[in-house]
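Chains as they are written, first to last, in our numbering: chain A, 1 to 331; chain B, 1001 to 1328.
A portion of the hints provided could be inaccurate.
Lysine-lysine pairs mimicking DSSO-like chemistry, simulated, CA-CA at most 27 Å apart [claimed, not checked]:
hint, chain 1, residue 1, chain 2, residue 2
1, B, K1062, B, K1014
2, A, K39, B, K1037
3, B, K1014, A, K39
4, B, K1283, B, K1267
5, B, K1218, B, K1283
Simulated DEER-style distance windows between Cβ atoms [claimed, not checked]:
hint, chain 1, residue 1, chain 2, residue 2, range
6, B, Q1109, A, M104, 27 to 35 Å
7, A, K251, B, A1191, 55 to 63 Å
8, A, E185, B, G1249, 51 to 59 Å
9, A, D164, B, V1323, 35 to 43 Å
10, B, E1263, A, E51, 55 to 63 Å
Since the hints were derived computationally from the structure, they do not count as laboratory data.
Here the structure is a predicted model, which means the values were calculated and not measured.
Even for Gly, the Cβ is constructed at its ideal location relative to N, Cα and C.
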Amino acid sequence: MRSITLSQAVNEAIAEEMRLDSSVFLIGEDVAEAGTPFKITTGLVEEFGTERVIDTPISEPGFMGLAVGAAMTGSRPIVDIMFGDFLFLIMDQLCNQAAKAHYMSGGKLNVPLVVRTNLGATRRSAAQHSQSLHALVSHIPGLKVAMPSSAYEAKGLLKTAIRDDNPVVIFEDKLMYQDKADVPEDEYLIPFGEAAVLQEGNQVTLIGTSSMRQVCEEAALILSDEKISVEIIDPRTLVPLDEKTILNSAKKTGRVIVVDEGHQNFGVTAEIASRISEKAFYYLDAPVIRMGAMDVPVPFSPVLEDLTVPTAEKVASNARKIVAGELVHEL
Amino acid sequence: MAKKINTNSESYLKMYSQMVKIRSFEDQANQLYLDAKMPGLTHMYSGEEAVAVGICEALTVKDKITSTHRGHGHCVAKGAELKQMFCELLGKEEGYCRGKGGSMHIADQSNGNLGANAIVGGSMGIATGSALRAKLNGDSDVTVCFFGDGATAQGLLYEVMNMAALWNLPVIYACENNGYSEYTATDEIAAGDILDRARAFGIEAHKVDGQDVLAINKLATDLVARARKGEGPFFIELITYRYHGHHVGDINRTYYRSKEEEEDWKKNKDPIKILGDWLVSEKIASDDELQIIRDDIAAEAHVAVQYALEASYPNSNEVDMHVYMETN
Ligand SMILES: Cc1ncc(C[n+]2csc(CCOP(=O)(O)OP(=O)(O)O)c2C)c(N)n1
Ligand SMILES: [Mg+2]
Chain A
1 MRSITLSQAV
11 NEAIAEEMRL
21 DSSVFLIGED
31 VAEAGTPFKI
41 TTGLVEEFGT
51 ERVIDTPISE
61 PGFMGLAVGA
71 AMTGSRPIVD
81 IMFGDFLFLI
91 MDQLCNQAAK
101 AHYMSGGKLN
111 VPLVVRTNLG
121 ATRRSAAQHS
131 QSLHALVSHI
141 PGLKVAMPSS
151 AYEAKGLLKT
161 AIRDDNPVVI
171 FEDKLMYQDK
181 ADVPEDEYLI
191 PFGEAAVLQE
201 GNQVTLIGTS
211 SMRQVCEEAA
221 LILSDEKISV
231 EIIDPRTLVP
241 LDEKTILNSA
251 KKTGRVIVVD
261 EGHQNFGVTA
271 EIASRISEKA
281 FYYLDAPVIR
291 MGAMDVPVPF
301 SPVLEDLTVP
311 TAEKVASNAR
321 KIVAGELVHE
331 L
Chain B
1001 MAKKINTNSE
1011 SYLKMYSQMV
1021 KIRSFEDQAN
1031 QLYLDAKMPG
1041 LTHMYSGEEA
1051 VAVGICEALT
1061 VKDKITSTHR
1071 GHGHCVAKGA
1081 ELKQMFCELL
1091 GKEEGYCRGK
1101 GGSMHIADQS
1111 NGNLGANAIV
1121 GGSMGIATGS
1131 ALRAKLNGDS
1141 DVTVCFFGDG
1151 ATAQGLLYEV
1161 MNMAALWNLP
1171 VIYACENNGY
1181 SEYTATDEIA
1191 AGDILDRARA
1201 FGIEAHKVDG
1211 QDVLAINKLA
1221 TDLVARARKG
1231 EGPFFIELIT
1241 YRYHGHHVGD
1251 INRTYYRSKE
1261 EEEDWKKNKD
1271 PIKILGDWLV
1281 SEKIASDDEL
1291 QIIRDDIAAE
1301 AHVAVQYALE
1311 ASYPNSNEVD
1321 MHVYMETN
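Just chain B, with the same shape it has in the complex (with noise of 0.2 Å):
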């Protein structure tokens, strides 16, 4: 363990495992999808690992997030294990949700994870309704609602903002801003500045180095003690990138996004090296006990992998099963 300089540096640790995870993970599940292992696609959280990390280290286990299809990221993020989350990648029984949503639909609800979604903005509402639901008990828990920056065309966003605006609701608006929309440049398909659009609506909105865990932490700490308070909503852009292209299987992508700005991305603002750099820049860590984290973590995520593929699939009599909630 770190040489306690700083009374934070357990935290910074824990923010540097918790993207290392992630990294992990990911790297394990693109394996998945080259060795033909992994049924349908999936899109990679690798590169943004910050964004997740820096905002749910700012919450508590009751905290609630929405998440995307690109949310492997948030879900380990907010706490949830790699052996369940590489079942339901499998398709497995043992998978948070017993191998029926896959990638695109984890919900990991014992840790305030409400579920990825594969229709793009479609947790919006959730995340506002669930903050709606925390201001009618008197409840303290904030909800943060994860989305790119291409999920900002969704005019549902602009009608929960608003009513978000209006009632007061601790929600954060959570834009990941990876400069593109699938195979296009988001800056192609959107007018104006992204911050302008929550301004509209009176709601304090910050942008932020997407790459830089320890900034987004901070502001992530003191958005939520406010929303917590009565202050909210609020919105934060996060400038990031995803490293992999759109989904696994996106792999010639030079015609829409160059090589030189992939690599610039991965050499000069990965934010695993930039914490890493400065954890060992202040002390807290060395460049030796750092490797042995990513060493450690990368074991477990192997371990994981291995555990799920031999992990049994779904009886098949679970096929019409939970339709409906059974009520007595």
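Chain A with its partners taken away, still in its complex shape (with noise of 0.2 Å):
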């Protein structure tokens, strides 16, 4: 097979919806020409040209209500926001109107779009270009999260998400665009709430979003030479979320790991964790450890913001830890 980057992926997704569906149309800042700073829409224009693929000036808000206007009116946008900290410039207009509009309108509404945006620190670009704000959006209802964790998800999560007839949003590693994975020429979807089993295990269950797929899986790698044997989940989808695989995995496991680049607290580590808690109480053998990022605006220098995240070694030794039977956290 065939192996792409993440970008080639995403670009891939919107081009085929677009030949597919002429109600399919991008917008956002340096879409056009420029296919976005990280030359991820490179080559649209070219095809469907600028009334469908449309440049717009430096207005978040604006051009997100416009959006919604024409979704509810029978347009299928994607909106182009280039770094997820410009999500907080769109609230209004994704979770008051775009959010709520089905249901205020007892149905008779509804606004089929897509917003594109990212997540992820370790670029070296603070505070305002790093955050990983999917929890944030995926406390919304009536708002759809999808976490692509490679070039595959990204593409079939991706086309899924230009077709269902909600608001969705779509968060991509910004780190990981120029990631290859292998992707089939042939179409394919991937469907909202199914959760991946990347590895199968039977002591420590690790579930890992977006970026931190590859940190659970680097940490699985470390394990496995302990002979630790571990299962690793990939959500896909924040919302619709599956529970069931989930569930399944802490019964089988009895200790699961959630491991998530949104801030730690009242975040995506949090409700997963809590579920469990609540649904598989009985089955564990240990609590349920969130890791998310640290409760702290990002950090610009090197040396503080590679504290700020998860990473395998830090999984991997509290994996060590729970099949241990050892505490991970103070009594």
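Both chains are sitting in their own frames, so use the hints and assemble them into the complex.
Set out below in structure tokens:
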């Protein structure tokens, strides 16, 4: 099978869906000739023209609002939010308008749009260009949230997102844009709400979202040398969340570590851990461990920034402890 | 030193030095990037020096500014030290923000710089709020809000200009129009005339050649004095140009901007050269004296960068320090 970068995978997903459905258009800053600062949408304006690949002024709330209105009336916009941090600028249009229109109208209106954005620290981009804000939008009923963990997921999930009749926010890890993975030439979709079991094992479950899938895989490699049997799960979408796969694994291994790059406080790791605690408590041999980003704004200095994200070594060390029946947190 | 022909010659030479200082800083910063010694990316101010210097030389240390992602020039012009700036760019403990902010977030409170900002338009509210405080406290300081042409697309600007105009706040909106928003000519994404947007709120708005530091300084001096008397707010559009790409990594850029255009600005509209030629023609300084100024400042920048390269990183226990202010 051919191997392509995550950025190419995203490009292909958009191009394929734009070919299939003339109501799909792409809108955002520097998405046309420049192909975005990450060079993801390169070539699309040549194929689809400036009517469907639309460069905007630096007016995030404005073009997000346009997308909501266009979606309500028959288009299927893909909105490019250059950095996940800029979600804060579009919050009203996304959370008060797009997310609620279907419900508030008693099912009469709907807003089929996709917000494509990114997450991820350690790019030395400081506190306003490094945040992982997926928990924030996952909190809002009416929004779906996808978290691709490789080029394969990026393509399959984005195609599903574009066809979904609801607003979907999809977060790509900006550090993975050049990472390659096997991606079929033939069309495929990845359904929402289906987690991937990436490795089966029976002593400890590592649940890793997006960028943290790689961290979990590296941790599993470290642990395999120590003959610790690890199961790895990538939820792929947070909303809807594949609770069944997660609970089944928790029941099997009895030990779970949830790893996510968002802040740990009130975050995705907390949500998943609490669901396991509520619904699989009697199967557990250890408390569910949360590993999120440190609860600090992302610092610029590399020596500090590297301390803020979960690492494979830390995941492995926590796994080792809970498998040995030791405490991770003092009583 | 120069012969005192003109009572203002000292101030002219200071402006010359300050512009050279910014250029030298940026040359070194660009080199740090090319040598892979700088973490992340940075946005160069080279070419726009007259804007920051012309305006900041009209301010006192108590006056405030807010800056942008392209903020090194504002920072130097408001009085910052190169050593601490380089330390910040390299994420070192002695940096202005102890390495926590980096290039896009340098703040130098001691000189009234409330900070660079990585959110385009993100400082417009801050600047206007600073002016509101001055009015409420009866303080005489003025706040200058620097932002780019691209940032005029942010709705926030129109909300705060409305309030500033309603309440006569001592704020000056300084739009650095360098023609581009990232990789797009701003003409393609901005409707109408930028000045008209300010005028719609009844704000007095001026357009000035952003390469002519003396013209900028004259206008700014007048507006600052009037803002202090409660005649603000004001809006200035400064026509300028960035010599480098959008950021240091934006090397292949002919798809959005021609080499000829870049060469034309560098050759014919360089703010340092324009002022230098004038200083010589007015006999305020000789070519040799200007050369000495440039060499001295280049040497100073070199020393500062070497210092920063050897300076130490913050201690790891600083990572969760400063999330909240300690209050007793
Ligand atoms: C809210 C927001 N949107 C987008 C960006 C990405 N971005 C950084 S600089 C820039 C262009 C800014 O253009 P302008 O205001 O003219 O300033 P210049 O870079 O030309 O100095 C963009 C789009 C951002 N940092 N913040
Ligand atoms: Mg600009």
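Tested hints:
Restraint check: the Cα-Cα separation between K1062 of chain B and K1014 of chain B comes to about 19 Å, which is no more than 27 Å; the hinted pair holds. Our distance criterion of 27 Å between C-alpha atoms is met by K39 of chain A and K1037 of chain B, whose separation comes to about 24 Å. Restraint check for K1014 of chain B and K39 of chain A: not satisfied, since their Cα atoms lie roughly 43 Å apart, outside the 27 Å limit. With a CA separation close to 23 Å, the supplied pair K1283 of chain B and K1267 of chain B stays within the 27 Å bound.
For a cut-off of 27 Å, the pair hint linking K1218 of chain B to K1283 of chain B stands: about 20 Å separates their Cα positions. At about 45 Å, the beta-carbon gap between Q1109 of chain B and M104 of chain A misses the expected band of 27 to 35 Å. Between K251 of chain A and A1191 of chain B the C-beta distance comes to about 60 Å, which sits within the given range of 55 to 63 Å. Distance hint check for E185 of chain A and G1249 of chain B: the Cβ-Cβ separation is about 32 Å, which falls outside the suggested range of 51 to 59 Å.
The hinted range of 35 to 43 Å is satisfied by D164 of chain A and V1323 of chain B, whose Cβ atoms lie roughly 37 Å apart. The supplied range of 55 to 63 Å is broken by E1263 of chain B and E51 of chain A, whose beta-carbon atoms lie about 35 Å from each other.
In terms of the numbered hints stated before, the structure departs from hints 3, 6, 8 and 10, listed from lowest to highest.
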